[in-house]
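Peer 1: Given next are the chains, with one letter for each unit.
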Amino acid sequence: MNITLKYFSWIRVKLKKSHDLIELNQTISFKELKNNLISKDPVFQEIFNDKSVKYFLNLTEINDDNQTLNNGDILALLPPVTGG
Amino acid sequence: MNITLKYFSWIRVKLKKSHDLIELNQTISFKELKNNLISKDPVFQEIFNDKSVKYFLNLTEINDDNQTLNNGDILALLPPVTGG
Amino acid sequence: MIKITHDNFDLETEFKCVSSDTNGAYSFFLGTVRSDLSSSNKKIKGIYLECYEELALSQLKKIRSKALSIWKLNECLIIHRIGKLDLGEKIVLVITASSHRANAIEACEFVIDSLKIDVAFWKFHLLNNDKKETVLQKNLDNAKMLKWKDVIN
Amino acid sequence: MIKITHDNFDLETEFKCVSSDTNGAYSFFLGTVRSDLSSSNKKIKGIYLECYEELALSQLKKIRSKALSIWKLNECLIIHRIGKLDLGEKIVLVITASSHRANAIEACEFVIDSLKIDVAFWKFHLLNNDKKETVLQKNLDNAKMLKWKDVIN
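Residue numbers (the working numbering), protein chains in the order written: chain P, 1 to 84; chain S, 85 to 168; chain Y, 169 to 321; chain C, 322 to 474.
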């Protein structure tokens, strides 16, 4: 299964890319995905430690680390917004 | 001496004119002018009885009936405003 | 900038008059002629605006100066139309310009609230039967002004 | 009416989109690029606006619906620019249209306050040395939003 990650603002700048396509053999939880990402690139540790970062799964905010991710899901990592 | 009276909104409509030029032989108070006007046209009684009407002498509101009027003064009779 | 005029105005043009890159925030209030205004539920076809121009200008200047000083505005523009206006036409425009939005927004509301009860304009409804009807001041407008008492004194 | 666009917009044209003679009162908030924005006192030559467009549109729709229902607005227009913007350029426009001015003014402030903390836009300062600097969210904006808590729940 595939999950698209989208990065914005300082997260995008830090990772030097705006998105990633993650391929997985089976369904995983948001928590498992986070550990998976940290193991590949320790920069993710810094991102996930920042309490001001929000996570949106298919345009809806995730507030539960145990939320299951499914094929085709789009997960966005959002720093505090500064529009207007 | 001359005093110009200016009428606005319903006062103008009721009096069927927008202004008057009053000629007087001597300086008078605002109170005396009011009595003078009522004696000429009883419609002024109704205007002066209306507590919502304001009086501006040369663009400054009059709050004292004993204020003296001088030659060349402009006295305006203003119903509550309704602009905006 | 204060204007009392018979003529219509363009919002983009008026904005350009107060625009500067030291401002970040602009608040506008625009009042227009509503079709269902008559208190007696009669249909109206427009309004007529009467004005004591010398007095209105001096009153608007005072309101503008207060707004500029209390809210540290960079600019404040006030335009008020007079004469005969059709349904939907613009009557009044207030634009406040500031570095910060809270100041611009609050000052703009203060200016229009003050104008409604303190400036020498009078409205008439033009009825469909060709009669003119004096518009009465709303108690609500006086009540609303009380909210500024602590700010401006 | 909600637009996220690279293009500049004209205030008179946007007003005509929401204008109707059943409205008597319009409140506008316009945000522009200020020259002295940088927290580090560096000079800036413009800003860059990043956006998660699908999310921002859905967030703006929710804010607009709330404003329309709570303040009984007749219309509410929101335009937000994205991409590179020069000093003084328009960033965001909110127009609320109502029969009564208090509703239009309060709703307009609610929309811009909500947009500042709840919609997926991110600003960068473009510095004179050609570097980009992330703009940080202001605590003030979060604090200001608390004032709406009782109104919207």
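Careful: at least some of the hints might be erroneous.
[As the list claims (entries may be wrong)] Listed next, with one range per pair, are the computed distances between beta-carbon atoms: (1) N71/P to D342/C: 29 to 37 Å; (2) H268/Y to N25/P: 47 to 55 Å; (3) S420/C to S18/P: 55 to 63 Å; (4) N150/S to H421/C: 56 to 64 Å; (5) S18/P to N310/Y: 21 to 29 Å; (6) H421/C to S102/S: 30 to 38 Å; (7) K299/Y to S379/C: 30 to 38 Å; (8) M466/C to L295/Y: 18 to 26 Å; (9) S420/C to H268/Y: 48 to 56 Å; (10) D357/C to S113/S: 55 to 63 Å.
Calculated from the structure, these hints are not laboratory results. A virtual CB, placed ideally from N, CA and C, is assigned to each residue, including glycine.
Peer 1: Are the hints correct? Go through all of them and say.
Peer 2: Evaluation of the provided hints:
Separation of N71/P from D342/C is about 53 Å and departs from the stated range, judged on CB atoms against 29 to 37 Å. At about 53 Å, the beta-carbon gap between H268/Y and N25/P stays in the expected band of 47 to 55 Å. Checked against the hint of 55 to 63 Å, the C-beta distance between S420/C and S18/P comes to roughly 45 Å, which is inconsistent with it. Separated by about 42 Å at the C-beta atoms, N150/S and H421/C break the suggested range of 56 to 64 Å.
Evaluation of the 21 to 29 Å hint for S18/P and N310/Y yields a failure: the beta carbon distance comes to about 56 Å. For the pair H421/C and S102/S, the supplied restraint of 30 to 38 Å holds, since their beta-carbon distance comes to about 32 Å. About 51 Å separates the C-beta atoms of K299/Y and S379/C, a value inconsistent with the hinted range of 30 to 38 Å. Between M466/C and L295/Y, the C-beta spacing of about 46 Å breaks the proposed range 18 to 26 Å.
Take S420/C and H268/Y: their Cβ atoms lie about 29 Å apart, and the range 48 to 56 Å is violated. A hinted range of 55 to 63 Å for the beta carbons of D357/C and S113/S is consistent with their spacing of about 57 Å.
The structure does not agree with the numbered hints 1, 3, 4, 5, 7, 8, 9 stated previously, though it agrees with the rest.
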